[in-house]
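Colleague: Here's the letter readout for the chains.
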Amino acid sequence: MKHLFKYFFLGIFALVTISSCVENIDSDQFDDLELTPTLEGGLLYIEASEQLINLVTDNTVFSNTFNFDAFNSDVFAERVIEGTVTFVVENTTSKELDITVEFLDDSGAVLDTEAFTIQPAPTSILQREIVYGPTGRSIDIITNLSSIRVSAINLGDTTSTSSAPEPMITLKSGGKFTVRVK
Amino acid sequence: MHGQNKQLLYDFTDIPQSLMVNPAADVDFKWYGGILGLSGISLQAGSSGVSAYDLLADDGLNINDKVRDRLLNGMTISDELSGNSQVEILNSGWRRKHPDYFYSLGVYNESDAIGYWFKDYAILAFDGNADSFRRFNLGHLKTRGSIVNVYHFGVKKRVNDKLLIGGRAKIYSGILDFNSTRNKGFLQNTEGQNNVISTTLDADLEMRTSGLNVLRDADSEDIGSVFTKRALFGGDLGLGLDLGFTKYFNDQTVLTASMLDLGFIYHSSDTKNWTLKGKATSEGVEIILPGALADPDADFYQQLIDDIEALAPFEENFKNYITFRPTKLNASLRHNFGKQIQVGEDCDCGPYASQSKRAPRFANAVGAQIYAINRPRGPQTALTAFYLRRFGNVAALKATYTVDKFSATNIGLGLNLQAGPINLYFMADNLLSYRNLYNSRYASFQLGLNIISWGKK
Numbered sequence: 001m002k003h004l005f006k007y008f009f010l011g012i013f014a015l016v017t018i019s020s021c022v023e024n025i026d027s028d029q030f031d032d033l034e035l036t037p038t039l040e041g042g043l044l045y046i047e048a049s050e051q052l053i054n055l056v057t058d059n060t061v062f063s064n065t066f067n068f069d070a071f072n073s074d075v076f077a078e079r080v081i082e083g084t085v086t087f088v089v090e091n092t093t094s095k096e097l098d099i100t101v102e103f104l105d106d107s108g109a110v111l112d113t114e115a116f117t118i119q120p121a122p123t124s125i126l127q128r129e130i131v132y133g134p135t136g137r138s139i140d141i142i143t144n145l146s147s148i149r150v151s152a153i154n155l156g157d158t159t160s161t162s163s164a165p166e167p168m169i170t171l172k173s174g175g176k177f178t179v180r181v182k
Numbered sequence: 183m184h185g186q187n188k189q190l191l192y193d194f195t196d197i198p199q200s201l202m203v204n205p206a207a208d209v210d211f212k213w214y215g216g217i218l219g220l221s222g223i224s225l226q227a228g229s230s231g232v233s234a235y236d237l238l239a240d241d242g243l244n245i246n247d248k249v250r251d252r253l254l255n256g257m258t259i260s261d262e263l264s265g266n267s268q269v270e271i272l273n274s275g276w277r278r279k280h281p282d283y284f285y286s287l288g289v290y291n292e293s294d295a296i297g298y299w300f301k302d303y304a305i306l307a308f309d310g311n312a313d314s315f316r317r318f319n320l321g322h323l324k325t326r327g328s329i330v331n332v333y334h335f336g337v338k339k340r341v342n343d344k345l346l347i348g349g350r351a352k353i354y355s356g357i358l359d360f361n362s363t364r365n366k367g368f369l370q371n372t373e374g375q376n377n378v379i380s381t382t383l384d385a386d387l388e389m390r391t392s393g394l395n396v397l398r399d400a401d402s403e404d405i406g407s408v409f410t411k412r413a414l415f416g417g418d419l420g421l422g423l424d425l426g427f428t429k430y431f432n433d434q435t436v437l438t439a440s441m442l443d444l445g446f447i448y449h450s451s452d453t454k455n456w457t458l459k460g461k462a463t464s465e466g467v468e469i470i471l472p473g474a475l476a477d478p479d480a481d482f483y484q485q486l487i488d489d490i491e492a493l494a495p496f497e498e499n500f501k502n503y504i505t506f507r508p509t510k511l512n513a514s515l516r517h518n519f520g521k522q523i524q525v526g527e528d529c530d531c532g533p534y535a536s537q538s539k540r541a542p543r544f545a546n547a548v549g550a551q552i553y554a555i556n557r558p559r560g561p562q563t564a565l566t567a568f569y570l571r572r573f574g575n576v577a578a579l580k581a582t583y584t585v586d587k588f589s590a591t592n593i594g595l596g597l598n599l600q601a602g603p604i605n606l607y608f609m610a611d612n613l614l615s616y617r618n619l620y621n622s623r624y625a626s627f628q629l630g631l632n633i634i635s636w637g638k639k
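Those protein sequence lines, which keep their order, are chains G and Z. Anchor point for the first sequence: position 85 equals 85 in my numbering, and the numbering is continuous, going up by one each time. Take the position in the second sequence, starting the count at 1, then add 182; the result is the number in my numbering.
Here chain Z stands alone, though its shape is the one from the complex (with noise of 0.2 Å):
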């Protein structure tokens, strides 16, 4: 899912969250500590198929012949409608007497969702499946989401003044899920063998859920607390690594990369499950005579309904579940120019301390950054180039330009402030679609304020 790709604070170095997007950023911090609930807020949507203003613009157009055109005859089956937000609610990271070593710990909350365009249905529900012969695919059901809390520890290491390396222990303690994402299947209308028409289902349809009921059926009063519950371990359980590098081939030029995500979340609260599963052709009530009047009580009708039941079964059980986290790849190339900065005030762990094995800062870097997410219908990737430049210590901007299946024309702006030891951020991205937001099939920012200390000299 796009709505993932934090491409404006991925290499971002200057901002501590950087290290959340790749465990080895090459931060020079002595210790740093998130200002609770405001370390980390991120709010990202997106809609690769149409925007709000496509569909509900004041134009004088019919909405239903809209929907038709836009929609119906518009989207494919790889349009999605997504969403993501991450709040941090811990993040802290100290350098301890080893300079080598960074570590970092934190929680955040994270809820995402996506949906992929389930044109079928949509035709079926818009049309019908009259006066056509048409196979609907059931397979266009693909949708899921959902709230998980993270706790996280992290550890990068300096293993020469050419390279880092960082990993991130995550535990993920699920509040709620929802799955549809493995549906198979076709509804039909064929000509019958005996009737004018013959119906044919063969499904193979599986939604699965934790903790919506326990959600569900809390009181107003007690959402609250089942939701804390779930956050704190008291829900669904999973293990989860990040894995990354920062390559120096020399002072002006960095290679990056990071896996985010690599893990699972086992579904065992709480759960429900609905499946549809088997195949049913019906041509209506068929009755032949004289052996159908063999039983003068028989209910053909109910008969008629009791075999379709049987044969292609509506489901519920309440099995535990797997689910695999969206592992997230990015890299980075990056070429620095321009006037070397020495970083922070007082002090002694950036490129200029005594014994110091860190590159220096420059003013000005370049580069290009990929980015890939592993989503229900297969990887979705994005192309961003990048500039960043640095206001001595007190200020950097990071420009970005992305293309992705949402957009060609994003691009992005990231401020980093340094008041002292106040460090506040600003990112939001797909600027020109801010000419008319509802029209924006995109958009996303974060932010963040953090306590930052580069240690004394």
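Isolated chain G (complex conformation) (with noise of 0.2 Å):
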């Protein structure tokens, strides 16, 4: 009993001491790892209602200029690879109307131009997807971005109104972009 005790440990001993060793790996592998996770979110919301549209004579509605620094930082400029950029324009008024989306750099450069010729409801949502990055447009339009031009004119006259329920002009966006983290 007392040697068969021993020759237990020792047949552990014997088969941790031969059997221990180390396969091989390959650490470099972590170099390929790529983190390039796609990120979304709303861009720019504008809406203008019928009764505004009526209220201006001369046919632009409006043209404004927004600041929009959220790409241009360097923690995002840097980074960014390809993105998206959709935009919805829904008219529930009775007029056909212009909108033009511009977007500009901190000197107010054109960058890109959007327009959209969207016609009175009931036929008047307008969707497009602009691509940018290697398969599209320049991703620098969208790095030096620092604020947005919209403008929007009237093609129709200044007294009708729709029979939708507060009838208005919007643009919506949102934008998905695939960034590096490593």
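Everything labelled a hint here was simulated from the structure, so no lab data went into it. Quick caveat, the model's predicted, so the values are computed rather than measured. Even for Gly, the Cβ is constructed at its ideal location relative to N, Cα and C. There may be inaccurate statements among the hints.
In the DSBU-like style, the derived pairs of lysine-lysine whose C-alpha atoms are separated by at most 35 Å in a straight line are [claimed, not checked]:
#, chain 1, residue 1, chain 2, residue 2
1, G, K182, Z, K279
2, Z, K212, G, K176
3, G, K182, Z, K429
4, G, K176, Z, K461
5, G, K176, Z, K501
6, G, K176, Z, K459
7, G, K182, Z, K366
8, G, K182, Z, K461
9, G, K176, Z, K301
Taking beta-carbon pairs under 7 Å as the criterion, some of the chain Z residues facing chain G (in silico) [unchecked claim]:
#, residue
10, D240
11, G242
12, L243
13, G265
14, A307
15, T372
16, N376
17, N377
18, V378
19, E465
20, G466
21, V467
22, L471
23, D481
24, S635
Put the two chains together into one complex; each comes in its own frame, and the hints tell you how they fit.
Modeller: Shown next as structure tokens:
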């Protein structure tokens, strides 16, 4: 019995000693690890009621520039790879309208322009996705974006009113951008 | 944390350090003294989810696919990465004239850290939040860690020939602490009310630290003195208690139990905390005409940023705080058998000494142990079966088989050698994983060197 225990422990020691080893690992693989999440959020929402449109005698309903510094910060601009900006224009007024969205840099220069001509209600929703990056327009447009100018031109009259409840023109926009974290 | 389970040392009463895991361990020394800095060293590390080999094996697979399969899709928020180390600086014990009392005191340094798998944060970092209305749970961030010096004094009393009780008072001198364990909230995209997408952040996050800044800001020459100062009661202070008992039902059947580190540390020096608390929903910059044009200088983007920061502010504070030590429970049921062994040399304190109440020692013992520790995600337990074999007074071996969240094949082995007064022990577990160390999800070892005396006849 005494020998049995000795051999038992010697056996475990031998097993461990003989079998202790390491198999090859390649720690350089870590360099190939890519963290490139795609982040999505709302960008800009503008609405103007038909009442406002009818009050403006000039056919330019509005043309305003809005500060938008979300993308030109270093933390984003140095890491963004590609992205998509989605515009949804909806018109429930009785007028045909021209909507123009311009991306401006910090000197006011126009980097990109997107124009929409939208019919009166009820056939009045336009959706457009603009791709930036290797398969689309230059990503520099996004990284240099400092402000957004939105203009609306009334192509119809200033007297009629849509029968829709709270008739208005709206511009919705959202962005999806892929950034390289590692 | 499994990393603090010392199933090989527990109830291994041939080793003085068994008193550190049960203050009522039935050691039979007259006195012992640990060799300065070498009396007790233990290192343990574990990962319950994946091993280094799972991710970095030279197997031709793409690392990104492996991370997705084995981390993002393979691990749960209960999986953890943890580590623990203890280094005894001083440890000694002695029996006074009254043989029923045994005293011990010492100092050790303990470092430990645990981080649970922050699954939703990882998905957010890997995939982002696009094209998904997933609710990212911000509570998945749970981590804590500390470096602390522990000054302790223990007393063991033999109540009668069947029962020993023990207690150990501890003073903690906190050197470094960080913890972020009570986080709540979510980040979620939904369909917007006005715009195409609405993003909601509902956060109650907090990271508390103590000692981090003074150590980070110290020059490389000063860091040692800063560390030493905080280790010598110059940092955070706390109190703790260990309790234990050993109950002999007869000479061969023994029940033991201990509760360790029932205590707290009050962090009042060099604290720095960060919070993100509040709820904010954004659909982007919103402009409602004509009202929005009332102020021609209005900066709607900045107003949006200001609103979000006001609703969910990221703030810094320097408030003191309390942390509770991770309390551990150990218990064992042991059956002794085989030849009885006369302990020590020239001994008058063992079972064969005159008027001794001590139970005899046997060459063999088998039994079972249970271990539990209070962790941020609730108690964690481990079950151990063990066999102890003594070879006279010169050597003893303890083999264990442990089942826990890290492994169901954890076989450990502890060796205690006694050469005259010199005591040396070495322990390691999860030995089967040594076939490929990189594939091991858990590894630990303990070693120590002591001088032991059983007294003169």
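Colleague: Now tell me if each hint is right for this structure.
Modeller: Here's how the hints hold up against the structure:
1. This hinted pair does not check out: G:K182 and Z:K279 have alpha carbons roughly 67 Å apart, beyond 35 Å.
2. Between Z:K212 and G:K176 the alpha-carbon distance is near 73 Å, which puts this suggested pair outside the 35 Å criterion.
3. Pair hint G:K182 plus Z:K429 does not hold up; C-alpha atoms about 58 Å apart against a cutoff of 35 Å.
4. This hinted pair checks out: G:K176 and Z:K461 have alpha carbons roughly 23 Å apart, not beyond 35 Å.
5. At roughly 39 Å between alpha-carbon atoms, G:K176 and Z:K501 are farther apart than 35 Å, so this suggested pair is violated.
6. For the suggested pair G:K176 and Z:K459, the alpha carbons sit about 26 Å apart, so the restraint of at most 35 Å is met.
7. Straight-line distance between C-alpha atoms of G:K182 and Z:K366 comes to about 27 Å, which keeps the hinted pair within the 35 Å bound.
8. Proposed proximity of G:K182 and Z:K461 is supported: the alpha carbons are some 29 Å apart, at most 35 Å.
9. Distance restraint check for G:K176 and Z:K301: the Cα-Cα separation of roughly 22 Å lies within the 35 Å cut-off, and the hinted pair is therefore satisfied.
10. Annotation: interface hint on Z:D240 holds; nearest CB of chain G at approximately 4 Å, less than 7 Å.
11. The beta carbon of Z:G242 comes no nearer than 10 Å to any beta carbon in chain G, farther than 7 Å, and the hint placing it at the interface is violated.
12. The criterion of a C-beta within 7 Å of any C-beta in chain G is not met by Z:L243, whose closest approach is roughly 9 Å, and the hint is violated.
13. The interface hint given for Z:G265 is violated, since its Cβ lies 19 Å from the closest Cβ of chain G, which is over the 7 Å cut-off.
14. This hint holds: Z:A307 has a C-beta 6 Å from the nearest C-beta of chain G, less than the 7 Å allowed.
15. Interface restraint check: Z:T372 against chain G, minimum CB-CB distance 11 Å, threshold 7 Å, status violated.
16. Interface hint at Z:N376: satisfied, since its Cβ lies 5 Å from the closest Cβ of chain G, which is below the 7 Å cut-off.
17. For Z:N377, the shortest C-beta to C-beta distance to chain G is roughly 4 Å, which falls under 7 Å, so the interface hint holds.
18. Taking 7 Å as the C-beta cut-off, the interface hint given for Z:V378 holds, the closest approach to chain G being about 4 Å.
19. At a threshold of 7 Å, the smallest CB-CB gap from Z:E465 to chain G is about 4 Å, leaving the interface hint in force.
20. At about 3 Å, the closest approach between the beta carbon of Z:G466 and any beta carbon in chain G falls short of 7 Å, and the interface hint on this residue holds.
21. Hint on Z:V467 holds. Least Cβ distance to chain G is approximately 5 Å, under the 7 Å limit.
22. With a cut of 7 Å, the hint placing Z:L471 at the interface with chain G holds, because the nearest CB-to-CB distance is about 4 Å.
23. Evaluation of the Z:D481 hint against chain G yields a held restraint, the C-beta minimum of about 5 Å falling below 7 Å.
24. Among the interface hints, the one on Z:S635 is violated; its C-beta lies about 28 Å from the nearest C-beta in chain G, farther than the 7 Å criterion.
Of the hints listed earlier, those the structure fails to meet are numbers 1, 2, 3, 5, 11, 12, 13, 15 and 24, in rising order.
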